[in-house]
Structure formats: structure tokens, C-alpha cells
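**Q** Protein chains in written order, with our numbering: chain A, 1 to 247; chain B, 1 to 280; chain C, 1 to 271.
Treat the hints as calculated values from the structure; they're not laboratory data. Among the hints, erroneous ones may be present.
[To be verified] Derived pair list, reagent style DSBU-like, types lysine-lysine, alpha-carbon separation capped at 30 Å:
hint, chain 1, residue 1, chain 2, residue 2
1, B, Lys205, B, Lys82
2, B, Lys236, B, Lys205
3, C, Lys77, A, Lys139
4, A, Lys74, C, Lys14
5, C, Lys211, A, Lys128
6, A, Lys114, C, Lys82
[As the list claims (entries may be wrong)] For the chain A half of the interface with chain C, some residues (derived, Cβ under 10 Å), not all of them:
hint, residue
7, Leu56
8, Thr136
9, Tyr137
For each residue, glycine too, the CB sits at the ideal point set by N, CA and C.
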Amino acid sequence: MITFENVSKRFKEGFTSRKVTALDDLTLSVATGEVFGFLGPNGAGKSTSIKILINLIFPDSGRALIGGQDVGNKDVRRLVGFLPENPYFYDYLTAEELLRFGGQASGMDSAAIKQRTDLLLTKVNLDKARRRPLRTYSKGMVQRAGLAMALIHDPQVVILDEPMSGLDPLGRKMVGDIIIELKQAGKTVFFSSHILSDVERFCDRAGIIVGGKLRSVESLDTMMASGATLENVFLAEVDKAGQKEVD
Amino acid sequence: MRRYYPLIIALLFAPVYLLCLSTLGPLRKAEQQSAGYSYTLPGPIAKIATLDYDGLAADYLMLNIQSYYGGTFERTERPRVKEAEWRWMYDVLTVSSDLDPYFFDPYYFANSFFTWDAQMVKETNILLAKGNHFRDWDWLPSFYMGFNEFYFLHDNAKASEYLMQSSKKPGATAILASLATRLAYKASRTEVAIMFLQQTIEGTKDKVEREALEKRLKTLQRIFFLENAVAAYKTKLGTVPGSLKDLIDQGLVKRIPTDPYGGVFFIDKDGVVKTTSDLR
Amino acid sequence: MVKPLFPIAVITFKEGIRNRAIYGISILALFMMLINFLICQMVMRDVGKVAMDIALSTVSFTGLLLVFFVGINLMAKDLDKKTIYMVLARPVSRAQYMVGKFFGMVALIVASNLIQGSFAVVSLFILQRMYANYFLRFSWLMFFLALLFIVLMLILLTALSFLFASFSSTSFIVLVLTIVSYIIGNSLSDVKALVEAPQSVGIHPSPITVKIVQAAYYLFPNLSFFDIKTQAANGLAVSLSCVGWTMLYGFAYTAVALSLACFIFSKREFP
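Looking at chain A on its own, in the form it has when it is part of the complex (with noise of 0.2 Å):
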């Protein structure tokens, strides 16, 4: 469903002609209905790949396919469904506003609109707070706002990037709840993280990115069968990589 073939990407430092690669011939593909988690330390490349496929960034070299069609064409976003890192809406509009025009942007009609919002804002808990304008809502309510934007097309693909960070365990749980259920529907996911639990959790699979180049692909059944745990995985590829500490 999702695939990566030998992309690549480097980024200017600031104004001296030093460039940083952010991804070194990444290749890889997740399968139709597979819950993929994609592990690295801070700056290791997980954001500029998720860019890349939403065409926020486009790849120096290679490409990036979703459902067969290349992510520059931008009907491929019918089918996906995106959380960036730290979300920011524009302030004044309500969850409402926002889901209408998550919806109306994708296409849909308003009787399917108003199904997707009430259902979406009640699984995200924030159908007390649906009129009231975003800037009055709190970081963890913005993360669940933000979620309900992606799935509000009901989209095939769910790419999320750091769904988890700044909820508390009770967010925590209703997003890996929302994972679950998007997987028991036949969705694809596609997450980042580095909370190593949270993929431990809900994936099928998990790839370990270090410096810009993927250093493994796991299954975390084969995994965990063998006794690993992910940490002792993921600890063991970063020392290959010759990483002390996060970037």
C-alpha cells in the first residue's frame, strides 16, 4: 500500500552550503491492512519520510508510492488520512468548522459530514467542546481534534506522526484504541514513534531508522518469539550505527 523506493534526501544547514542528509536511500514497503510503526532517535528521519509521502517535501531522488499512485499527485490524499507532530488549526475555528472543512476539502457531502463529525468528536471525546473555538483548548485536546481531522474521510491510509505525544494515559488509551479498531477495519497505519511500548502494542511490524538510513525491518511476532524485546533491538541498531546519544 505505502512504498518507498530508494528515496533519498538532503537539506541545507542554515545559510553555509553544508548539507545534512536527512534520508539515505530508503526503501520500504507496508502491506494493505498492516499496522507499521517506524522507530528512530530524534532526528533520525522519521518525520521528513512522513512529509514525503503527504508531499510536504518532495524527495531529491527516488520515489514514494501510496495505493500505486506517486504522492505528488494530489488525489492520492483521498485515501490518506494525516496527523502531523504538534498540530496547529487555525485558532478561531471550532472542531466543527474544522472537521466541515476536513470533509469539504475531501469531498464528501454534508450528510456524510455531519454522520463522520458526530461519530468522530464523540470517539474522541470532545463533543462537549465541539462549539467552542481552538484556541481555548488544551494541547491533548488539540492532538484529538487533530485525529479526528485525519479519519474524518474515512480515509484507507492513516499516517500518523507522534500520535501519542502530549496525551495523558487516558488519551493514550482512546488513541490506541482508535488504532486497534482502524486495524480490525482492514486500514493501513503508518506511525512513528519513539515511545518503543506504544509499538510494541499495536504493530505488526517496525522499522528502525538511525541516521537517515533504515537500519531494520522486524516482525514483532518473529520478534518476540525469539525472546527480544524491542528495546534490546533498537538499542542494539543504534550502537551499530555509532550513536551515543540523540542527535
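Add chains B and C to chain A, keeping to what the hints say.
**A** For chains B and C alone, kept in the frame of chain A given last:
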């Protein structure tokens, strides 16, 4: 107690503040009149500087001039307005009319004060010519120019030319027709001036302005009264009187009226009635 | 292509109109209309002209405040605070985002000018009753035409600000560039007239200066075409052909600026 310290400090500074305020006000004002006028941006530069607020800037300059001139009435020294100040005011009026040549007030102000008080008649007519060119629907600028040519510059030919122009414009009052004929018969200057002033006063709403104009009108009417008496004397005795007292002696007038400007009416050796104040 | 433009325009408009700055701007306009009464009392004769000057200048100025602060701020939120993710995550292209946002801004400008314009109408209506003798050349048609031209000018300036936003990294740069463009746009014809006939002021511009000014004349929008405040204040007429050509000029320049903006923006990344 500690948290009130900022409040206490504020209170301590309050008298200092009040002292400065009461001192600076009059201090700046005293310095103002001596240096309040000096330089003004030339018209084309001003047009650039005011971006798309030319009209507003023209209005602002005009109001500035009005308040500056109004401020001179407080003065006791004579002459009340210095020549350099008149020059500066003229320059500002020029800029104002450069910014918006359709604006009537600069032309009106110039004509009201620069001719009588500053004796800058030629310059006033230059300014009025601009107004006449742009305000092509308006009979007043050419009317003013006509009057100035007649009364101050003694050019009857030019005067009647302008008045002709003026009478053809929409709204020109009937008074113009009679003025044109008066001029044709070389009527008394004073009578023309009186008609002109009456016309002007009619359109004036500001109290201070009205008072100034009515004062002038009253004076001219008294001069006219004396002129008529002098003419009667000449008819009766064949010569002009040596002094105005002769008019009383001949029984032509009961007494010599006073000059509202504080001067004294007299008759000069050519038999022209004048006043020591010269209407200023 | 057109379908997603409407929701983007709607959220842009809502976000703008709910900005507290709109209240401040409207209060300023109301205040100026009250000042109008005070100032008109001091005017010797040409009250109608001064009243119209103040009314139109206020609408124009508050409109500028709207474009510079609310408008560019809306852009700023997207550039600086990454609120653009919420739009670009939808199946919309960069161009659709730009154009949708632009239409939202146009709606905002029109709405704001309706508010300030209505204050002006009330103020002028009352003043006309008070000083009927001095309002002889007053024309409501010219007033509304001047208002329309102000709106067109603001829309053009907004399109230009979008062009600047398409390649600038912060909203501050966009603000500075737009203000500079406004100043240049209004000085252009006067400066061009000056350098081509400098003897009136006695300056001697070098040939390079003259060439630069002439180049700027083609590059920057000549905003003075949209300034008919003097004509409106003095009751002068503006020919129908003049109105038509001016509107066409505004439309053409806006289209060029916006198209360029879309093109540059489509190459833009958001890391």
C-alpha cells in the same frame, strides 16, 4: 507593604510629571511663533510624500494655516503679521493647492487676507488663476481676480475681462451684471468694494470671519458716506474741502464718524477720503 | 479544480473576520467618522470636499491596516506556525490552496469595507444635512465608485502579498515587502512625472535614475490609478472608459501576481 513600592514610586513621580507638563506647554508655545514658520516642501515633492492622501494633506495644511493666522490675533505688536510670515503662509497655500487644486479654501483665504492685509495682490491673483483653471465650474475665482484688478491694481480692462468670464459661469449672481455696468461707468471704488464685501459676508458662517469682514464693510460704508459728502461739497462750492471739518461747517454732515480700526478719517490734498489706520 | 476552493475560502474568511483586530479597525473607522464632524466645523468654505476626503481616506487607511495586519497575519500563521499542514494534507494542490485563500481574503476585504463604508455613509449623510450649502458638488455615485476602487486596490495589494509570501520564509518579510510596494505603487506616477520634468523643482536626476524609475513603472502596480478620492471629493466625473481600463488593469495585474505566486509556491517545501 512591599508590593506597594511600585505604586509609591509612581506617586513620587507624579508631581515631577505635572511640573514638566505645566512648564513645557507655555515654553513650547513661546518658541512656536518665532520658529513655527520656516520651510515647506515644494508641491511636486509633497505630492510624492503624501502617497494617496493628497487631498487630506491639502486639508491639513489649510487648517494649519487657519489656526496659525488665528493665533496672530492674540498679538499686540504692530505689524501683527510679519512679511516673512505672509510669505510662508503663501507658500503653504501654494502647496495645498498643488496637492488639490480643486480645493476652494486656499483661494478663499488668500483672497480674504493677502490682498487687504498683506498687500500681495499680484501673488494672490497668480494663485487664483490656478483655481480659476481647475475649478472651471466656479464663478468665484474669476470674480475675485476681477475685483482685485479693479480695486487694487487699477486695471479696469483686465477687471472687466475677468468679470465677463465669471458672469458666464453657472450660478453667477445677478450682482455681477450690475458690477460690470458700474465698472463701465467708472463707478466709485468704494461702492464696488462694498457690494463685493456684502456678497462675501453672505456666504460666511464662521463668527470670527464674519466680524472681520463686517468691520471692514462698516469702515468702507463710512468712507463712502464721507465721499458722498465731499462730492456734494464740490458741487456746492466748486472745490474739494481742505479738511473733513469743513463738511460739518457746511452743514453737509452732523459729525465725522469714527474708524472701527482705531484710526482717524481725513481727506488728502487730492480730495480722496482716507484713514490713518488704512483698514489694518 | 473549483470544488475545494470554497471550503478553503470559507475558513480563511472565518479566521480573518473573527480576528480581534477587525474590532480595533472598525472602532478606528468609527472614531474617524466622529472626528469628521469636529473638523468640518473648522473648515471655512469647502466642507463637502473635506468631509469626503476624511471619509474616503479613513476607509482606505483601515483597509490597508486590514491587508497589512490581518491579511498577512493569516498568511503568517500558515508560514510560521505551520497551520498550512491542515490544508495541504487534504487532496488539494498548492495552487488550489493559494487561490482558495485569496478568495477568502477578497471576501474579507469586501466585508470590512462594507462595515467601514457604512460608517462613512452615515457620517456623510448627516454632514450633508448640516452643511447643505457646502455640499453642492457632492455625488453619492462618485463616493461609491471611489469605494469600489479602494476595494480593487486592496485586492491587488493582497495578490502582491501572496506573491511575496510564496517565496519568503517569514511573515515579517512579506509585511515589509508589501508596505514598500504600497509606497512605491502610490509614488510611481508622481516620481515618474518628476524625473521626466525635473526643472519644476530644480533637481537633476541622472539618466540611470530615470531608467530605474521607468522600469519600476512597469514592474510595480500603479496604485494611483485606483485613487479617485480627489475627484470624488470635488465632484468631478471619471469617464466610463477610464473606469473600465482601470478595472481591467487591476484584474490583469492581480491575475499575473497570483499566477506567479501559485507557480513559485508549487515548488515550495514544508520541512
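**Q** Next, verify each hint and record whether it holds.
**A** So, going through the hints one by one against the coordinates:
For the suggested pair Lys205 of chain B and Lys82 of chain B, the alpha carbons sit about 28 Å apart, so the restraint of at most 30 Å is met. Proposed proximity of Lys236 of chain B and Lys205 of chain B is contradicted: the alpha carbons are some 44 Å apart, above 30 Å. For the given pair, Lys77 of chain C sits about 18 Å from Lys139 of chain A by alpha-carbon distance, which is consistent with the 30 Å threshold. Between Lys74 of chain A and Lys14 of chain C, the direct Cα distance comes to roughly 25 Å. Compliance with the 30 Å bound is thereby established for this hinted pair.
Between Lys211 of chain C and Lys128 of chain A the alpha-carbon distance is near 64 Å, which puts this suggested pair outside the 30 Å criterion. This hinted pair checks out: Lys114 of chain A and Lys82 of chain C have alpha carbons roughly 27 Å apart, not beyond 30 Å. Residue-level restraint check for Leu56 of chain A holds (minimum Cβ-Cβ distance to chain C is 4 Å; threshold 10 Å). A cut of 10 Å between beta carbons decides the hint on Thr136 of chain A: the least distance to chain C is about 13 Å, and the hint is violated.
For the restraint placing Tyr137 of chain A at the interface with chain C, the shortest Cβ-Cβ distance is roughly 14 Å, beyond the 10 Å limit, so the hint is violated.
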